[in-house]
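Student: First to last, the protein sequences are chains R and Z. To convert, take the position in the first sequence, counting from 1, and add 4; that gives the working numbering. To convert, take the position in the second sequence, counting from 1, and add 117; that gives the working numbering.
Treat the hints as calculated values from the structure; they're not laboratory data.
Where chain R lies over chain Z, by a calculated footprint (3+ residues, C-beta under 8 Å):
1) 166 to 173
2) 182 to 194
3) 211 to 218
Because the structure is a prediction, the values reported are computed rather than measured. Here a beta-carbon is modelled for each residue, glycine too, at the ideal position from N, C-alpha and C.
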Amino acid sequence: MPAKPHRILLDRVSAYADEAAAFMRRRRVARRPFARLYYPHGRSADHAQDSRAGAELFVAAGRLIEVAGEKPKR
Amino acid sequence: MATVMIQEARARVTVGIFADMPDAAAAAPPSEESAAAALEFLAEMSPDLRGAAIVGPEGEVLAATGEERERWGKDAATLFAAADEAEGVAVEQVHIATEQGEVFAIRNAGLAAVSVTDRFALASLMLFDLRSALRRLASPNLGPPGGTQPRKGEA
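This is chain R alone, in the form it adopts within the complex (with noise of 0.2 Å):
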């Protein structure tokens, strides 16, 4: 016997659901530290920790978040 139609509607959106939180899974585990810049008319920079410019901005990116501190509790 056929499956009904909405039972196949709801198996496409639980497989798109599935692949969605599997992406963010991989994507928590595998994103490593970054540093992006963005320039006039949308033009980003990378630049990598080890570089001169990044290990810079990585340092002072150190320092706001020390000034910063743990979350205020709600």
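Given chain R's structure and the hints, the job is docking chain Z onto it.
Tutor: The following block gives chain Z in isolation, referenced to the frame of chain R:
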């Protein structure tokens, strides 16, 4: 090839649009009260936010979370200096993701905003919120943060 053409067209067309927007320079620096209100609204809107600051045209801190107000100004200036030096061009936005958290910084209309969030905060939303906060501070006629204009009959 088609993508390149679209990107070129976008840059060509949107330059005209953005040139009409009241972004070029703030007439007068906003008050510390309005900057604090903008920061409060930002904190309300962004559950991932750990801390943030708004810096005026002269590098003075208009509003900041936490106790170390002056340190925000100094560290934000260091970040922008490092970012500008990277390619010798003034940056508009900065996004740095580390293991400890993420840092966003943006300059708009002579003002600057810096925020620190938890890891994996949505970058586009955070940058949008920072930019709109600065735009509202620079143009008070856009209304208070959150876009709630007083209704007719209300004081």
